[in-house]
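S.K.: Residue-level listing of the chains:
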Amino acid sequence: MSEPAIKIEGLHFSYGKKQVLKGVNLEVPKGSIFGFLGRNGTGKTTLIKTMLGLQKPKSGKCLVGGMDSFTQTLDIRKRIGFMAEDQQMYGWMKVKQIIKWVAGFYPNWDYEFSDKLIVKFGLSLDAKVKELSKGQNSSLALLLALGHRPDIVILDDPTLGLDPIARKDFLRHVIELLQSDGVTVFFSSHLLYEIEPVADYIAILDKGVIVKSCKTEELRESVRRFILTPSSNTNFSEIPGILDTFQTGNTISVTIEDCTEQKREKIKSMSSNGTQENELNLDEIFEAYVIGNKGLESIESKI
Amino acid sequence: MKIQGIIHQNISQLKWHILASLAVIMVLPAEEFIVGLKDGYGFDIGLTVISSIIIAPFLAGLIACANVQADLDERRYIFWRSKPAGVKSSITLKYFIGIVLSVFILACPIILWTIVSLFSSKNLFESDFWYIIFLSFFFVIMTYSLCFASNIVVRSTARSWLIGILLAGFVLIFPFFLPLGYKDYFDIYDSGDIFMIIVAVSIVFAFIFSLFAAQHDWHLKTNLRRLLWVIAGLVFIMLMLFSSQVANIKVLQEKEIEPLLVMNEVRPIGGILAENYNVEEFRDYLRSGEIIRSISSGEGEYREAFWEINPLEYVGDKVLFRLRYYIDEVDNKISLGEFKSTPEEILPKPVTDINGYGQSTFPYNDDRFIREINGNLYSFYIYTYDRTVEAEPHDRTIYEKVFLRSYKYTGHSWITVCELDISECITDDMINNEAMRIIGDKLFAFIDKSFAEVDITNPEDLKMITSKVNILPRQNWYFYYMRNKENKVTIPLIPAEEIDIEERIRLSIDRFYHSHNMYDLSIVDIYNKKISYFLIDSSDGIARYEVTGWNQDEINCELKSFRKLTMLEGMTGAKHGSDLFVKNGRLYYLTGNSLMVFDVRSDNRIRKLGHFVRINYEIQDIAVLEDDNILLCLSLDTESASDFTKNPKRVSMCLLKAP
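If you're matching them up, the sequences are chains U and Z in order.
The numbering used here puts the first sequence at residues 64 to 366.
The numbering used here puts the second sequence at residues 23 to 681.
Think of the hints as simulated: they come from the structure by calculation, not from any bench.
Chain Z residues, not near chain U, derived (Cβ > 10 Å throughout): (1) Ile77; (2) Leu115; (3) Phe141; (4) Phe192; (5) Leu282; (6) Asn332; (7) Gly338; (8) Asp350; (9) Val373; (10) Gly433; (11) Glu446; (12) Ile460; (13) Ser489; (14) Pro517; (15) Ala518; (16) Leu677.
Calculated cross-link-like contacts (lysine-lysine; reagent style BS3-like; alpha-carbon spacing at most 27 Å): (17) U:Lys141 to U:Lys119; (18) U:Lys179 to U:Lys159; (19) Z:Lys37 to U:Lys157; (20) U:Lys80 to U:Lys124; (21) U:Lys278 to U:Lys70; (22) U:Lys193 to Z:Lys37; (23) Z:Lys485 to Z:Lys423; (24) Z:Lys110 to U:Lys119; (25) U:Lys191 to Z:Lys37; (26) Z:Lys24 to U:Lys141.
Idealized CB from N, CA, C, for every residue including glycine.
Produce the entire structure from the sequences given, and follow the hints as far as they go.
M.R.: Structure representation (structure tokens):
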């Protein structure tokens, strides 16, 4: 297996006494589109800032393109294209001025490519940045992130604040430009339907730790929801990997990760009149991981 | 990273701030320049340039905040930091671009001033000019740096500007915290480079701190309340130091004194009958239907009332107040002890009756020039009698007689005990201009250009020792003021060979500068065989002259140091009627409602020790006690011209701790 594009080991970070990242471990394979999920305020942006070398972690290691993000910051940034959520640029600059200004930071800026992107995104070179629409602003930010042909692109909630059409356009551009190019894309979002169609890999960050990281397909396959009416001697604690349980009348729905044949049989044996097994979409899986109750105590007490 | 691009970006994003700052700083000099050019008044724009320069540090702070804020706004910060731009080099570049722009803004009025001076042939390049310019640039860079650092940490323009400016103010007063014994702002400037080092260190510190803070993205997530507390704390510290600059002489005790009114009854031919009333008595007097202030055109009989002036007179080692009381100072508390004298029923000695002549006395006020001799109180007055003769083009005043009279206090009144005719001092061109001083048992009475030396061993039997007629230059009417800022001054030495040379020099200098109260106070300090004297300069400063030598006729003096008053000191009092005197190596400078005390013996500098200000009050008189504590008689200016009793004057006695 080739070296991962991004490798994070035991990363801790805190703002004063508030611990934000509590031992994050993550590997982003080269050439993948990596969906990074998490609710607002779980530490997504903090992790990205650490990856960019903007802040020093309390402990742990963060390698981007094989380089240490805190000691080789400038080298890393030359290879990274970054676009932040609701990116604020210099409103008083014209599009051509800001491109020229950003290009000045990169010795390998691809002017031909950036010219193509200008045409593709329908940007006017003489327009002032503050006069652009939100969609155009995102397109310009994407252009500025890609103009130097980076190996790794980090997108931090890039579609925040865009209307559905602009969001679709933006994603289309990302897929067209990056998927076929062998570029690693680290796509952070809290909008699951945005990530689902494009991501090869998914990681879910919750309360400062990665609760799940695997291929998207694997995730879809491994998480199942069972609906059953439990028999009197039911003990759900015998089943490992329960993410969520929910009771409606006599019926209970149980969401399980890493669903194996053995687990399936076990659940079926707990039902008094048959079991219904459902596949979940990414949205539901995310929900189960992030807000699922994981415990069974409340349900057992009701049975 | 392309430096050119960064510079362009920086300047472009600050262009409106630069234009606004230029407009603010240039408006006054430009207006003055245009008016000067149009009206031809010599084009001197110096004063307006200096007032504009004062705001330059504030504008520099604004430029710093705008400079930082443009790039360190949180979302924009991530935008440029995610590019391969080294934060240290970017911030360094940004910092120096801002400094260049701030200095450019400051330089604009100075350049205009320089050009205008070339046109107007003004001597711009005096040392003061360079000093102001040097300090201004230094302060601008400091304020800029502190605001820059503050904005990196506090990412809000207004708050960080305020904090930066407060920090700059704090740095300016920081030397007072150090154990350097600083009390006077001029100590800082005069005592070498310590202040400059502090400012330079603050600049370097602010710069290094900015680099670290930007690199580590340190920024405060404060709420407004916490920030306001911090600001309030800083302001409080600054105000404490500020007040210690303005009024740092401690008041040990303040005692209210009953105000008194004086009613003068002026009679047609000579003679003024003065009577004292307190407010209640005066009310009764009004009820009796008498008319006050029926002032005629100067002739005839009239009465006038006014608030009594409350003199503090040195009598030996004690201070006498309103004639009747000794100021008793024990354990830093004052009390008025009534002067006890042995009532002695003696008959006043009849004085020469000169009817039909105009009469004037010196000292001009009552209760002055009192001495305790052989356990009794005596006072001395010069009486001058004149008549007016018709002449062309103006009537002429002819002085006929001059007497020195001594009075003795008998417990309730003063009676004449001796009269000495010193009319030989009269010259043909004499003007009414007298002075007196007692040295040992000799009294020197100056009558315009002559003087008489009188033995007062027994004040009831005054004896003329000698008189010198028409040998002195006429006294300077400009009390204590420097004339034309001369560097070297020659003062005639009074030919009074009987007294010690140092006292003779002191007498000559005091008399030369028309020390109207020279009988008590002196502007001369004699210390370690060095004789210095002090003058007020019309441009709000105090000059120290040193006696460099003398011969039989003259004393040679040279200007040795000059201390300009700070703007704050200059604001605290009226200059008219300013008073200056030296006692025990301390210079006392009274300006209406303020008193400043300076040390004049350390390092030959004029070093401020303390300042006392009482707004709305007037310092009526001052007495420096033996322990250097200061006694002041203050009065609140509530004088009413029509009815004194409705709004009585407030008089208080203040004992101030020696600063």
